[in-house]
Amino acid sequence: MPIGIKDVLQTKDMPTTLGSPIFKDRQTGIDSASVNALRLAGAVILGKTVTTEFAFMVRGRPPILLMPAPPPAGHPAVQRRP
3 MPIGIKDVLQ TKDMPTTLGS PIFKDRQTGI DSASVNALRL AGAVILGKTV
53 TTEFAFMVRG RPPILLMPAP PPAGHPAVQR RP
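Each residue of the sequence shown is one higher than the last, beginning at 3 in our numbering.
Any given hint could turn out to be false.
As the list claims (entries may be wrong) - Derived BS3-like pairs: lysine-lysine, alpha-carbon spacing no greater than 25 Å straight-line:
#	residue 1	residue 2
1	Lys50	Lys14
2	Lys26	Lys14
3	Lys8	Lys50
4	Lys26	Lys50
5	Lys26	Lys8
Said to hold, decoys possible - Cβ pair distances, simulated, as ranges:
#	residue 1	residue 2	range
6	Thr51	Ile24	17 to 25 Å
7	Leu48	Phe25	15 to 23 Å
8	Ile32	Ala57	29 to 37 Å
9	Met3	Ile24	13 to 21 Å
10	Lys8	Gly31	13 to 21 Å
11	Ser34	Glu55	14 to 22 Å
12	Ala35	Phe56	16 to 24 Å
13	Val10	Gly44	16 to 24 Å
14	Met3	Pro23	14 to 22 Å
15	Ile32	Gly6	18 to 26 Å
16	Ile24	Gly44	28 to 36 Å
Read the hints as simulated data drawn from the structure, not as lab findings. Keep in mind the model is a prediction, meaning the values are calculated, not measured. For each residue, glycine too, the CB sits at the ideal point set by N, CA and C.
Turn these sequences into a full structure, and let the hints guide you.
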């Protein structure tokens, strides 16, 4: 099962930054107990999700700044006229 995990959980194969630039290259080389349990259950960790710095209160910034706009509602051939 593919999943993403919060960037406060240690993974042996990905950096764990805790959402802080001071830990941008921190890689422990071990899995946390919860990550280990997920892997044993068949989870495939695709990546880490954005977190606020040290997972503390204020909202974080999304990693993808140029997200596509949602598609317009309805079909152009069936547009309502004012």
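- Message: Going through the numbered hints above, which ones does this structure break? Give me the numbers in ascending order.
- Response: Violated hints: 8, 9 and 14; rest satisfied.
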